[in-house]
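For the sequence shown, position 288 matches number 777 in the working numbering, and the numbering has no gaps at all.
Below, simulated DSBU-like cross-link-like pairs (lysine-lysine); rule was C-alpha separation at most 30 angstroms, straight line:
hint : residue 1 : residue 2
1    : K643      : K614
2    : K564      : K575
3    : K529      : K516
4    : K648      : K607
5    : K516      : K607
6    : K614      : K530
7    : K516      : K604
8    : K575      : K529
9    : K648      : K604
10   : K564      : K607
11   : K516      : K614
12   : K643      : K607
13   : K564      : K516
14   : K604      : K564
Simulated from the structure, these hints should not be mistaken for laboratory data.
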Amino acid sequence: MISSAGFGVWDDEHNAEGYIREGAVDKLICGHFGAMLSTKKLVLEDRFEAYNLPLGCISHAIRAQAGGLPGALSKVGLDIFVDPRKEGPGINRISIDDSLVRHVEVDGEEFLYYKLPKINIALIKGTAADRKGNITFDDMFMSGDALSICQAVKANRGKVIVQVDRLVDTPSRPRNAIIPGCLVDAIVVAEPEARNEAYTALTGSFEIPYEEWNTWSERLDSVSVKQSKNSTVANIIGKRASKELRVDDIVNIGIGIPEMVSRFARKSGMLDMVTLTVESGGIGGFPVSGEAFGAMIGAASVYDMANQFDLYDNGGSMSALWARLKWIKKEM
490 MISSAGFGVW DDEHNAEGYI REGAVDKLIC GHFGAMLSTK KLVLEDRFEA
540 YNLPLGCISH AIRAQAGGLP GALSKVGLDI FVDPRKEGPG INRISIDDSL
590 VRHVEVDGEE FLYYKLPKIN IALIKGTAAD RKGNITFDDM FMSGDALSIC
640 QAVKANRGKV IVQVDRLVDT PSRPRNAIIP GCLVDAIVVA EPEARNEAYT
690 ALTGSFEIPY EEWNTWSERL DSVSVKQSKN STVANIIGKR ASKELRVDDI
740 VNIGIGIPEM VSRFARKSGM LDMVTLTVES GGIGGFPVSG EAFGAMIGAA
790 SVYDMANQFD LYDNGGSMSA LWARLKWIKK EM
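I would like the entire structure built from these sequences, with the hints used as guidance.
Following this line, the structure appears as structure tokens:
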């Protein structure tokens with residue numbers, strides 16, 4: 490099983506944890522184990538192989554397969570644990586596969602080469618399927634790398650299975666169909682579980698003004714399975730880091746302590762002067778904490794996760810830096 494992020498939602502009765510526990514997995518590759526409560530225990534008991542790779546590198550390696558390439562180069566991970574010259578990506582005693590990450594040199598530069606096993610089954614969750622099998626994600630707060638995953642599976646002559654909330658008669662608007670029906674082998678219709686109305690703030694189905702971001706954030710925090718902890722250390726770090734923000738910055742907010750940066754940016758009034766982003770593809774808005782991390786309240790745009798990591802890898806705040814330099818020059 491492979492996932493850029495992970496398979497858990499801080500509730501081991503949901504998502505993939507059930508069949509991981511039942512012994513259906515012999516190798517797990519993902520970028521985040523924190524939300525998988527029972528899986529973490531099994532990993533430490535050496536019940537199956539488990540590998541922790543950087544989230545963006547998995548995303549780009551999946552997209553590489555979609556393009557018929559075996560893997561993807563990255564400078565991310567050099568000289569830290571995932572580098573095979575250090576520890577490598579295995580996180581228990583039986584995880585010794587040395588083909589996932591290799592240190593290579595290209596044109597005199599060092600890279601890590603990330604190569605995933607060939608993906609041949611895609612399990613995707615969408616919102617609706619039209620009569621042509623086109624899949625939309627209208628009620629989802631992200632689509633992740635759904636399209637790249639499906640393309641990779643088809644490149645490997647595999648099968649794509651998509652779960653949706655409903656079937657619709659009217660064909661989707663072309664730009665709204667994230668996965669075209671020609672890539673889909675099976676559609677499973679499953680009535681969605683009831684969720685608190687606070688989660689409607691994440692779909693982008695209605696505009697949420699800047700003044701209401703905090704109200705919706707508090708409503709979501711109150712119904713989250715994973716409650717945000719009020720940590721003194723996290724508050725100190727978040728407040729200090731928020732002071733580094735400058736007008737027009739583009740900022741990546743990660744899960745955990747980095748979430749505090751956005752909270753203090755709101756308190757200081759900087760929030761509407763910068764653009765916050767999350768790894769799953771959201772641009773602009775206020776990142777949500779807890780089990781729905783990866784969603785944004787009031788997002789301006791949500792695109793594929795691989796594209797988000799393109800922005801991060803290329804130093805995406807350079808445009809903001811250039812704008813800052815021009816502003817300084819004007820002031821002088």
